[in-house]
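Let's have the full structure, built from the sequences with the hints guiding it.
Each chain is listed here by its residues.
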Amino acid sequence: MLNREFITRLEVITGPENVTTTPEDLLTYSYDATADMPSQLPDVVVSPRSTREVREIIKLAGKHRIPVYPRGSGTNLSGGTIPVKKGIVLSLLRMDQILEIDADNLTATVQPGVIIQDLNTAVAPYGLIYPPDPGTVATATMGGSVSECSGGLRGLKYGVTKHYVMGLEVVLANGEVVRLGGKTVKNVTAYDLVKLFTGAEGTLGIITEITVKLIPAPEFKKSMLAVFKNLVDAGNTVSAIVKNKVIPATLEIMDNMTIRTVENFVKIGLPTDSEAILLIEVDGIKGVVLKEAETVLRVVRANNGEIKVAETDAERDKLWAGRRAALPALAQLSPTTVLEDATVPRSKITEMLVAIQAIAAKYSLRIGTFGHAGDGNLHPTIVTDERNHEEMARVHQAVDEIFAVALQLGGTLSGEHGIGIAKLKYLGQELGETGLNLLRRVKEALDPDYLLNPGKMVPVKGE
Amino acid sequence: MDNSIPLKKVRAEIAKCMKCGNCMAVCPIYKATKAEAGVARGKIQLAAALLEGRLPFTHGVEERLMTCLTCKACSANCPCGVKADEIILAARAAVAGKLGLPLIKTAAFSALKRPLLFDWGLKLGSRFQGIFLKDNGQGNRSPRFPIGLDSKRVLPVLAGVTFRDAFVPVSLANPRLKVAFFTGCVTNYIYTEVGKAAVEVLRANNIEVIVPEEQHCCGAPVRIHGDVATAEEMARSHVDSFAKLQVDAIITVCGTCGETFQHSYPELLVNDRVYGPKAGKIAGITHDISEFLVNVVKINSAALSGVNLKVTYHDPCHLVRGMGVSREPREILRAIPGVSLTELKNPARCCGGAGSFSLTHYGLSMDIHRHKADDIRASGAEVVVTGCGSCRMQLEDGLRQHGTPRKVMHTVEVLAQAYAGQKAGDVPA
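Protein sequences appear in the order of chains U and R. Counted the way this note's numbering counts, the first sequence spans residues 6 to 468. Counted the way this note's numbering counts, the second sequence spans residues 273 to 701.
Treat the hints with caution; some may be incorrect.
[Stated by the list, open to error] Below, computed lysine to aspartate or glutamate pairings styled on DMTMM-like, alpha-carbon distance capped at 20 Å:
hint, chain 1, residue 1, chain 2, residue 2
1, U, 91, U, 48
2, U, 64, U, 181
3, R, 306, U, 22
4, R, 303, R, 335
5, R, 550, R, 520
6, R, 288, U, 123
7, R, 303, U, 316
8, R, 306, U, 101
9, R, 288, U, 41
10, U, 218, U, 123
11, U, 430, U, 405
12, R, 280, U, 391
13, R, 288, U, 109
14, R, 617, U, 123
15, R, 291, U, 41
16, U, 291, U, 268
17, R, 291, U, 406
18, R, 306, U, 16
19, R, 306, U, 123
20, R, 553, R, 512
21, R, 303, U, 123
22, R, 550, R, 512
23, R, 516, R, 544
24, R, 280, U, 390
25, R, 306, U, 48
26, R, 306, U, 214
27, R, 303, U, 48
28, R, 288, U, 391
29, R, 291, U, 214
30, R, 370, R, 358
[Claimed, not checked] So the derived label-pair ranges between C-beta atoms look like this:
hint, chain 1, residue 1, chain 2, residue 2, range
31, U, 390, R, 277, 50 to 56 Å
32, U, 272, R, 515, 34 to 40 Å
33, U, 188, R, 599, 44 to 50 Å
34, U, 250, R, 326, 55 to 61 Å
35, U, 225, R, 326, 50 to 56 Å
36, U, 317, R, 544, 37 to 43 Å
37, R, 650, U, 359, 52 to 58 Å
38, U, 359, R, 617, 43 to 49 Å
39, R, 677, U, 317, 50 to 56 Å
40, R, 582, U, 392, 33 to 39 Å
It is worth saying that the hints were derived from the structure and are not from the lab. The model shown is predicted, which means the values in this text are computed figures rather than measured ones. Cβ atoms here follow ideal geometry from the backbone N, Cα and C, with glycine treated the same way.
Shown next as structure tokens:
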């Protein structure tokens with residue numbers, strides 16, 4: 006419990022209306038969107054409105070050695086915003102201004118509380134887009150998605166958040182403010198510190214301003230649905246499309262369990278007897294798109310798939326509605342949905358899919374797999390019930406094994422959800438002891454007292 | 273009584289919430305406050321904590337649960353189909369059971385369930401409203417001095433003669449259909465012209481209209497505030513008076529009243545072996561006026577004369593998401609020669625009125641309304657058409673507060689003008 010004097014000092018910084026310690030409010034900051042996680046009430050939630058206020062809060066917290074957890078909308082899937090060691094939840098939602106749209110330099114500068122979709126809406130009149138599109142695009146904040154380096158459906162062609170962050174303003178653990186990067190495409194001044202803070206999950210500093218790259222909106226799109234009787238054919242098609250020099254904007258896969266569940270949920274005529282479907286969208290200049298679509302058709306057929314091209318916007322919307330329904334449909338099967346994002350090189354996607362099916366059978370679990378096949382980022386989704394302790398034990402074993410297989414195949418623990426609390430214990434398997442120590446040294450150089458989002462990403466000493 | 277019973281009933285619904293936070297994209301309260309307790313995800317977690325005994329029943333919880341418009345946008349946008357609004361109402365009921373209702377609400381609700389007293393009070397109010405409220409010369413009133421209402425607030429005038437008192441029954445020789453009209457309070461006491469328009473339009477279609485005398489408030493305000501026992505009592509009273517009628521349909525002109533007849537009564541009385549089936553019967557024949565005219569009566573647009581109006585349409589929350597009516601009012605407006613309908617960017621976003629929410633949370637309610645006012649201004653419409661009296665009160669006040677005063681009409685009033693053969697703004701046929 007923080008003493009009254011400390012709270013009063015916070016109130017002096019932000020105004021009392023931006024500080025809350027009532028249990029009813031604290032309870033609503035004790036969780037995020039991650040399933041199967043511990044919850045913990047913070048001592049206080051404070052909502053600063055400026056970099057200056059953030060700085061004052063960080064200084065005060067540092068002086069009293071109180072942990073600080075930066076938080077946007079709390080939509081992450083790694084337990085990244087849960088205040089596990091109590092202390093201060095720093096809600097950045099009220100720093101929500103789009104500061105500048107620079108159409109000459111194709112950049113936008115925003116405060117961390119801006120919602121991703123709101124940025125896209127604001128740049129649309131300029132014919133521009135901000136490509137990273139996590140599933141939470143309508144709710145997640147820019148600060149949160151930069152801190153988690155979120156991905157989305159367009160990763161294969163357009164990359165992920167870190168490929169768009171050009172400049173940052175960061176409040177460091179000691180209360181100093183630093184501005185890094187800027188609007189120039191080229192910038193090799195010193196270490197790439199913009200990248201260091203991007204995806205740092207709020208463990209190294211508090212991001213208070215972000216400059217991102219924008220790109221022209223693609224003028225033409227073509228969406229297709231490929232149906233396979235055999236999982237291996239689907240996996241091979243993914244690699245073959247790219248090998249044939251077509252980089253689709255999206256290349257998504259759904260396995261049989263996901264197809265059946267989605268069809269049962271939205272009834273859009275998906276082939277429930279197929280082993281896998283691929284949803285493919287190519288975009289860009291019309292002539293090029295039509296040529297690429299033909300290549301996709303040829304490759305799918307060569308790999309024993311049947312293909313359907315969406316001829317109208319309505320057909321296209323239907324295809325994507327099916328994909329968007331994947332997670333909610335699976336989630337409706339049971340109360341707890343454990344969603345992973347183990348990622349492998351594209352060429353190993355078939356092996357990964359087959360391995361996940363084997364793991365589901367081995368542990369008698371229901372696992373639906375869908376995801377961004379084009380970039381090797383799969384979402385094996387285990388539907389379970391956290392009140393069933395016996396089954397949860399099997400879930401945990403299955404998750405352990407999924408990660409082990411991903412790493413064996415040359416992949417990584419997390420493609421886009423981050424480490425947070427959820428994957429902390431697996432970190433050593435990928436990084437080794439040397440890697441873990443390096444992580445700790447970076448952390449301790451910037452935040453020696455482990456006050457910024459402690460318990461996430463970097464194992465705390467002695468724990 | 274075990275106060276957590278209402279919460280136990282929604283236990284499975286609470287478990288369905290995966291805390292994804294998609295409700296944040298659509299919650300008008302959250303957009304204004306940016307506080308997690310404002311949005312459905314936060315409120316569901318509060319309900320879960322109450323149910324599991326992790327949080328005591330406090331006035332703090334009560335206030336957070338009350339800060340909800342019951343606009344149902346969260347439920348409509350929930351990828352997992354969680355009925356968040358029902359969880360919130362169940363939590364309110366649990367809290368009301370534990371803490372009791374605030375004194376002022378207890379007084380108001382006991383008046384609502386005593387129709388004669390309520391009726392007398394409002395009629396008295398219409399006689400004496402001039403003492404407290406000054407006429408602003410535009411058909412509305414504002415408080416003369418502080419009476420617990422914001423002094424800038426623009427209020428509609430209470431009718432001198434209520435709709436039901438003024439109603440003269442007419443029996444038709446060979447009516448096509450016979451319907452019972454449930455007027456709702458706002459139509460009876462304030463916008464009586466909406467009731468008159470509904471009757472005119474129905475009669476123009478050779479439909480006989482009866483207005484049962486044994487009707488009063490539908491009970492939605494009571495249920496929404498967690499007073500389930502009173503809501504049940506009011507439901508039984510209306511089941512008694514409407515189930516015995518020999519009519520083809522029950523017509524409402526307000527989404528909240530209609531939703532209450534269609535959904536709340538059967539739900540409230542589900543365990544009542546006598547009243548449950550009767551409630552189901554009246555629910556099955558309840559129609560919103562516009563939905564009835566388009567889908568059942570199938571009005572003939574050739575019978576309509578021109579009404580020259582540039583309008584836009586606001587979807588009332590309980591009409592669009594409660595009764596599923598959004599296409600029909602637009603079809604009516606488009607069928608009237610001379611009416612040009614421009615859609616709002618976000619027509620189904622809550623206007624912030626939410627019945628008594630605008631009384632208890634006036635500032636927040638007006639913050640929420642700003643989006644609606646901006647949207648309406650951008651539409652270029654001269655008249656805002658809607659299908660709910662509560663929305664109309666909010667729109668009339670809110671649009672004026674935000675510097676965009678506009679005339680507000682019910683869909684059926686515009687239609688009545690078309691039947692009457694032009695009263696204002698004629699277009700030669």
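>> Under the constraints set out in the numbered hints, which ones does this structure not fulfil?
In response: 6, 7, 13, 16, 17, 27, 29, 31, 36, 39 and 40
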